[in-house]
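Residue numbers (our numbering), protein chains in the order written: chain U, 1 to 440; chain G, 1 to 440; chain W, 1 to 440; chain V, 1 to 440.
Hints were generated in silico from the structure; no laboratory data involved. Note that this is a predicted model, so its numbers are computed, not measured. From the three backbone atoms N, C-alpha and C, an ideal C-beta is built for every residue, glycine too. Hints should not be assumed to be uniformly reliable.
To be verified - To spell it out: a stretch of chain G is covered by chain V in this simulated footprint if at least three of its residues, at any positions, have a beta carbon under 8 Å from a beta carbon of chain V; those stretches are: (1) 240 to 252; (2) 264 to 273; (3) 329 to 335; (4) 393 to 401.
4 protein chains.
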Amino acid sequence: MDMYQNINQLARSLHQESVDIRRTMHMYPETGWFEMRTSAIIAKRLTELGYEVLTGRQVCREDTRMGVPSPEELEAHYQQLPEQGTPMEYVTEDMREGFTGVIGILRCGDGPVAALRFDIDALPMTENATQDHRPFREGFASRNPGCMHACGHDSHIAMGLGTARVLSEIREHLHGTVKLVFQPAEEGARGAKGIAASGHMDDVDFFAATHIAPDDTIDDGDITPGTYGSLATAKLDVEFHGKAAHAGGFPEKGCDALQAAAHAAIALAGIPRHSGGMSRVNVGTLRGGSGRNVVPDYAFMQVEVRGETTEINQYMTERACAICEAAAAMTGCTASVSIVGEAPSQVSDLAFVERIRDMIQTHLPQYRVSTEYNSRNWGSEDIGFLMNRVQAHGGQAVYMRTMTSMPSAQHTTEFDLDEKALDKGISVFASIIYNILGES
Amino acid sequence: MDMYQNINQLARSLHQESVDIRRTMHMYPETGWFEMRTSAIIAKRLTELGYEVLTGRQVCREDTRMGVPSPEELEAHYQQLPEQGTPMEYVTEDMREGFTGVIGILRCGDGPVAALRFDIDALPMTENATQDHRPFREGFASRNPGCMHACGHDSHIAMGLGTARVLSEIREHLHGTVKLVFQPAEEGARGAKGIAASGHMDDVDFFAATHIAPDDTIDDGDITPGTYGSLATAKLDVEFHGKAAHAGGFPEKGCDALQAAAHAAIALAGIPRHSGGMSRVNVGTLRGGSGRNVVPDYAFMQVEVRGETTEINQYMTERACAICEAAAAMTGCTASVSIVGEAPSQVSDLAFVERIRDMIQTHLPQYRVSTEYNSRNWGSEDIGFLMNRVQAHGGQAVYMRTMTSMPSAQHTTEFDLDEKALDKGISVFASIIYNILGES
Amino acid sequence: MDMYQNINQLARSLHQESVDIRRTMHMYPETGWFEMRTSAIIAKRLTELGYEVLTGRQVCREDTRMGVPSPEELEAHYQQLPEQGTPMEYVTEDMREGFTGVIGILRCGDGPVAALRFDIDALPMTENATQDHRPFREGFASRNPGCMHACGHDSHIAMGLGTARVLSEIREHLHGTVKLVFQPAEEGARGAKGIAASGHMDDVDFFAATHIAPDDTIDDGDITPGTYGSLATAKLDVEFHGKAAHAGGFPEKGCDALQAAAHAAIALAGIPRHSGGMSRVNVGTLRGGSGRNVVPDYAFMQVEVRGETTEINQYMTERACAICEAAAAMTGCTASVSIVGEAPSQVSDLAFVERIRDMIQTHLPQYRVSTEYNSRNWGSEDIGFLMNRVQAHGGQAVYMRTMTSMPSAQHTTEFDLDEKALDKGISVFASIIYNILGES
Amino acid sequence: MDMYQNINQLARSLHQESVDIRRTMHMYPETGWFEMRTSAIIAKRLTELGYEVLTGRQVCREDTRMGVPSPEELEAHYQQLPEQGTPMEYVTEDMREGFTGVIGILRCGDGPVAALRFDIDALPMTENATQDHRPFREGFASRNPGCMHACGHDSHIAMGLGTARVLSEIREHLHGTVKLVFQPAEEGARGAKGIAASGHMDDVDFFAATHIAPDDTIDDGDITPGTYGSLATAKLDVEFHGKAAHAGGFPEKGCDALQAAAHAAIALAGIPRHSGGMSRVNVGTLRGGSGRNVVPDYAFMQVEVRGETTEINQYMTERACAICEAAAAMTGCTASVSIVGEAPSQVSDLAFVERIRDMIQTHLPQYRVSTEYNSRNWGSEDIGFLMNRVQAHGGQAVYMRTMTSMPSAQHTTEFDLDEKALDKGISVFASIIYNILGES
């Protein structure tokens, strides 16, 4: 039998296992740098499958991590792990300090190095709790309040571990090295930079990653082998400091940090569009003030900007910084802006895109390849750090889409996905590796 | 010896006891409707002093309470009481449900009814934790994070209990009834309405209350026997509901509740001034958005408006509501506004003000009466509900100021006071009662 | 016959003449520093009545004029004078350059100096042109587009010239000197400063001025002999300079001065209220941008702030300046702020107020004196410059109100007044002078 | 000799004549619907060259004109024509009413219909008047204050009349019909709709238009034969109506239309970007308020939105309308929005683009064709109405760029161009016509 069909059958035979993995991840979602249980389960599974496993400080270089939670928050999270079915023997001291993420390596003799990346973190949202929402109805909705796998990274983990199993089962047919990178803190664009800085991409010849995507809007296939133009991005934390005063007694003595933040929020939305390409700006959160009758002396905003090119992103970042400082001055306050996440723009290698397209059309004809097989992409992804590093030394990289139906868009509290996508992802990923390492 | 000087000596002899009460209150501050420990300590003390004691639903009529915390929050607070030195035998089931506040009654035969009011709640602020700040330096700073006696109600409690003791010691010289009202939830103007609605003021002939005030700005005395014109106020909670969307992928699909709130915050500050008198508006807190890369679908604001008259306050309230709804429509959102606190304006009875002035000048010459002994007052106080109720049936009411030095203004995190003010408050309050009930 | 009743009858006999003067002024209104026709008619009339007449640079010191129009605008206005029934022989070269305003002096031997002031300028508004509006219906609406006597200074001129006539008729009964000051550019608080600087007040013992006011709101009399607390004010012209760009082609290259001005306008409205007293702020006009598809590189705002005290006005001015600069920085622009008008706060001398009250109650009983005869006043008036100058050397000054019914408020396009007020004003003003100069 | 080289030589021989035409147009610029002098000169010239000439209501269908000035403005402009060297015998009554624009038709027997379009209107900007600016230095700067050919339509007119002359000289070599459309009111996207509605495009087989463009930024050639994706656009006039009040006396009685407009201006800038493609928004002008001390009761804004597709433009338009209405409600005002200009998006026919590219490369090798010969274009042009109409019945249409150096960008007050571009434009346009009509 054709090895690709063999891979496909293996993937389908893992369906229930993949669903179980996805759902246990969905039930206990962990946001960036908190993925302790997630990392422990991945490390355990990769170990069982015979992979060489890197964790903790081996994965992410310490000085390049961005947006790391406070030690208190990390510790509080750690304390709840035992009651959530965590294999505590795999939770290292590093993980407890927020060094999450796992890399599994399968060495299969000489040959090229092929790497895949799966992101593993959740979002700070509270999952919908109505009967309309399948995860709630079927009992696998998030147990972690304020935290939800609303972007589908739970399915990425399941695809990654399924792919790991398929590859371990066909390892004697592979010639070269497989690296499976389970990246933390993709949301907020905080995790990839440190993995790139650790050099894990420096020997990679072929690098692929995927993200699930809705099957009804952008693409017309089951798989888009490559995408063009993820947006460069910067994540800004902005603090406004003012002066409190009794709002009834002496309003003229206050310097209102909340008014300053509101001025900034509105002006940020109005940064002029750039003629050079797409731009974006979002004031995602704002917290300000201490009490109703006190002139607010503090406000905090989480902002992100994006640009189709690094230059446009830079333009947006500079305008945003200037606005925050000016807005603070409007009410006699001061502002401080910190960059807590960033990602460059990125472009898939067309040769690798076409190789994957041809492979799917030839060997996995049950999956339709998108007509626009190198389609536009207006999200942001810190995978650019990894792709750029691979491409910098001559390797090839692609960022793909795996389509699935969704009852509600990603990043909404009603998000869910069709778990048949898990089999498809495993099939395609394992086939890509076999295509590179198996046919020489 | 003159009875007034006797009262004064008693007050001074209680200095250390008063300081101790103030400091234990300062260490465990409780915001409105959470004053369980506070109420228990007051109830215990009044009972020991021989007062008839009302608590729980006896104090505040249930349907008129505003801005009550959720059952979960109340219960969580209740759980921490034992470890904070609370006399748990005085914590009733009502208190556990947020029915805080205590009324102590001392019946001394026939005669008029004279009532005093002391407010007991703290503010949602985190106390300064540096060596510059005496409460921190001397070890009696707040142990309840995010909660602080920053308005001086801790000193009011100490004055109230000291006055209770002095009056109990001179009770054979009194003819009539004393009511000491320890009111919850004055901050946010939420507690007095229910006490008034319960009818506790309906037999009161003379009613006095005081607030500490800085000795260096408004007044030039130690005591201001009366004030003119506390501002009427309304406290508004505003919710903005929008539609989330991925900020990078589909910004056009979102309806940004945080932008709506920011527009509202800025427009609220700009409500036109009123030619009829003082007005105020403060957006005290704003919380919006769920994540940096999600178009915010929710925002929440705590707002207050004030007016020198009830009409001006009504004007401010109406403009504020219209602004919130319009601001929501700016970004395709909806707004809902709830009134969670309110107070009318109030005016002290000049006859009673002058009676107190004369009494102090004659019998307590060690205290200077403010030149402007019925001075302007631009704070708000829900005591208006109590004063208006007393005045409605022909009683007389005053709202006074007790001056003290403060290293930092009220409602700031560095607030502290000179504890000598405690003796002064006790002296004056007990003397007022004696002046009414003792000399007939 | 009592001289006061004689004065009163004289005033009433002048009714038609006064109405005619008011209406010709109403038909040809002139805004500040443009009052050439107005000044010429006044100068002509005063000359005919035997007054010594000062005009041009004799009235206002050149270097203290504020907000003077451009030479081109002045000249354009001058050119239209002949066709508007102007006595051109009284239009001096000074007037043509914008040195408007007239002072008439009547010397009646030894005695005190008593001065009256009448302001003469109109507002830049377009008068209502519907049949509902009496001036339009009766044919005496403004013929000068964009210009209207909407504050009633036309009636002040008529009162001034009527008073001049009455005084000239009773001059043998007067002992001392009368000064009638017809002041230009009161709107915008631009004219009085220069008259004060010229020293015309330095020998004045008694100084009175009046403004018509609505009879249904503030006061309950026909005359308020004095007012308390006109607001101090500053008039600010603000220019925003940015950078133009094609709005479709290169929006990112622009620095949008109009957005900056809009940010400023909104933030100015939100300057925190002052606990020390009344404050005001108004962005009266905004002009920005050159074309629909060009990023605006220029915007201009006319702003005014006010305060119950000079300190509060100073606070408002400082906040306003800071806001304009910060708002400019929001969009990469610059702002420049010029102070083009100002007035101090002012207070009437109570002794003079009571003298006028007593005189009216005794001698002109047909007129009711307001109960609150020294009432609050939240307008602004540069008369403060004149009053303060009189008071500085020991003279007494009052600012009064003459009540009349109005179908629509002052400063609206439907404003009109009851011309019976003219007789009343003449009676009262002439009586004040007689009271001072006639009864010694 | 090759006919193309012949055309090229003719074009060069006309250089001085073309410069003269461009400069007389530059000196007397006329904005949309005011192009009376411009149209008269064009009509005269086309008549002299033997063209059949359409003017007035023959050109633009009356009911489809947008953004037409008032009769008073048109008449005032008409009055100044004689003193500006206008051939008054060519100024028709229609032109006086704002029916500007001219179509010249050259009938050369059977064959296809080929049309060219030249836009003729100026911008409402005041031209730079410093020695640095060549038109000022050399004496041909605008004599019409507030009006300037800052987009280069003066050069388009010169190209059009030069092309008209060349074609008339080679008319015996042409087989078919030439239509030269001199379109009014392109700025603001107001003129093309009416020409399309008049049916002038309904028999056109080939249609070309051009715009000058800077030679240093977008393109690398002398000519771009076609462009992709002019933005669809809508031009909105927005009126805000409020309620005036004296800003000092009764600010609470006003409804501030200027504040409403400022809120709208800022919110419009913040309309969320669209993931489907480019969007734009510009508040080009704002005029509000009548006087410094009057709460503004009126404000007027000129706004434009754009979108890469008609759908995106529709999204922007709908959001803009909603914002204006909500902003008005913020201050108790009302808003009315009128659409005064619009243009659809448009795409050049690739076959025609390539035909022109090949023609230039073969026959006019002195001109470089842009590498990206069908390049992106983020301006807006109402030529889409004409192109879409041609394409609707199977004709082919292109929108091209003619590059020239510019000392300052289009739509700036320092704009100028290199007049060598005139020869190039005439060569290329005449060659296109010859390519279509001459070689059959």
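Need the list of violated hint numbers for this structure, in ascending order. Number 4 - this is the single hint that the structure violates.
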